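These protein sequence lines map, in sequence, to chains A and P. If you read the first sequence in our numbering, its first letter stands for residue 925, the second for the next number, and so on. If you read the second sequence in our numbering, its first letter stands for residue 58, the second for the next number, and so on.
If you're looking for bench data, these hints aren't it; they were derived computationally from the structure. Note that the coordinates shown come from a computational prediction; the quantities given were computed from them, not determined experimentally. Among the hints, erroneous ones may be present.
Here are the simulated PhoX-like pairs of lysine-lysine, each with C-alpha atoms no more than 20 Å apart in a straight line [to be verified]:
id, chain 1, residue 1, chain 2, residue 2
1, P, K363, P, K290
2, P, K363, A, K1203
3, P, K89, A, K1093
4, P, K89, A, K1203
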Amino acid sequence: MASVRRSRGESHFTRYLILGAWAFFCLAPVLWFLSIGLRPRVEIITPQPIYWPTFSLDAWHMIWEDWPMAKYLRNSVLAIIGSVLIDLVLAIPAAYSLSRYQYRGRDDIGFYILSTRMMAPAIVAIPIFFLFRNFGLLDTIWALMLIYAAINLSVVTWIIRSYMLDIPKELEDAARTDGASDLRILWEIIIPAILPGIITASVIAMIFAINEFLFTLLIASTPNAYTMSVALANFTGGSDGVIYNAIALVAFLAFLPVFLVVVAIQKHLSRGLTMGAVKG
Amino acid sequence: MTRSSLSGAGVATAAPVPSATRTFRRRNKRLKVLFPYLLVAPAVLYLMMITLYPGVYAIIQSFYAVKFGPWRPVGFANYANLLNDYQFWGALWNTLVIGSISLALQCVIALTLAFFAYRDPWVQGWRIIFLIPMLFMPSAVAFIYKLAFLDARVFSDILIRLGMIDTHLAIQSSVWMSRSLLILADVWQWTPFLFIIFVAALQGQDEEVEEAARLDGASWFRIFWYISLPLMKPVIVVALVLRAIDITTMFANVFIITKGGPAFGTETISYFIYRTGFKFFNFGYASAASVIMLILTIIIAQLVVKRAFVSSRS
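Full structure from sequences and hints, please.
What follows is the structure, given as structure tokens:
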């Protein structure tokens, strides 16, 4: 008994040592980067790094006054919301079909949808670039919306499908004997029942859309359609080099809403990230 | 809605016009067979826009020399050149090396952290802290690492202060240090992805099995190694497959931190295609590389992904 207690005490110590070390490793760069955002530009790249900088809001004024940050923010928000709506409209019926009906080719169709998640952006970038150019969509948020929706459709469909599979069939059978049609059952029974799944899928799609880099870089060639992610990469003041304090503040601006939303759906996160394969 | 109102109409007209009812029933039946296909069709058609269309387009373009002017047919020349292009093979090799080291590190670290965290009373708190790096945009993470290691040299400075090295590290001129930097940034940002999934899987396991083993005197580590880990295998496979997909398409870090250098030592396949197509405007050549990647992707999807997701469901 004594040995059990001792080994538990030891494991507590190692446990907190290891978890604490990783927490430090996670947070130290973040806090240091925050300090970059709140210091004047002359204190960023110096012969000796400055660990206790002067506090300054230079970068804050700069991103709003010298850069069309409000526009970038608006582009990001519109493109992302639009893409999530497109995804939900397409994915909910598809998930319903994949989870509720028996038909030939169903599993192959499901796998085809899943497999598009594997598509490397670089592989399809060139044809998509020409496609959008031919339709005159380059450099518009419409193109971003369409491409984000395409990237995330597989994830959204599979997450929603996984939640639909959890709903007991009896729930529907009762409604069906009352004479309700399939679409009505989907709308009035299934969708309310899987609302957490729909929200999870939307959040995951939102994160992936914010993070998307390569397509946005190719499609958005002027500030007209820049999003936060690509605006960052272009935050170079020409001969002045990279403007790190502005980059840091924009990074935190984009981080905060994502963080709050993700904390809110924490319990569903693992299920969302694995496209429904792991039920957390 | 449509279906119930249709069948309702069928019933109403049944008595006076029997032949109409029959056609109607038949149509109704066909609709019933087609209905699930109709539901899934819009999503499939939409996805074909980013898979089938680009695939066909890239295959056609790969047989042409496409620069600024009109397309000039070249047969298999693009493919022949590609197979002799040491930069293409280098990019494949770099992707494999950086990706597999990074994935292995992330898996081991995430399993270790999950093992320590999932029974902890503060598991929620750990999860939120560990999650933070994952929620920054990849381009922002790339800048954090570019600044800390290359531009402001904070990392070197700390090592000098600790007395571990004498002069600043010349990271940019060393292939392996540059690769390590990309790996470090990826491990920092994406280990939480695996951690969250592993913790959820461990928490979802039957506690009674653990308790029984515990009463038999097995240590936590033995329980983890011999009981929890084998049970987790399907979950680990799914998580690693998803992570592997994203690592092999790594782009933002390469684009911002190393630009593929030094001496193409950190050029990944995504960056190779980007550079060939959009920097040198050699679209036919880049398309040939895309087609080869596409074929590899399809093979891997059929062999690995299908199995991983099928086994996880049962």
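Taking the hints in turn, this is what the structure says about them:
Between K363(P) and K290(P), the direct Cα distance comes to roughly 15 Å. Compliance with the 20 Å bound is thereby established for this hinted pair. Distance hint between K363(P) and K1203(A) is fulfilled; the C-alpha atoms sit about 19 Å from each other, no more than 20 Å. A hinted pair counts as satisfied when its Cα atoms are at most 20 Å apart, and K89(P) with K1093(A) qualifies at roughly 19 Å. Taken as a hint, the K89(P) and K1203(A) pair is broken in the structure, with Cα atoms around 32 Å apart against an allowance of 20 Å.
Hint 4 from the list above is the single one not met by this structure.
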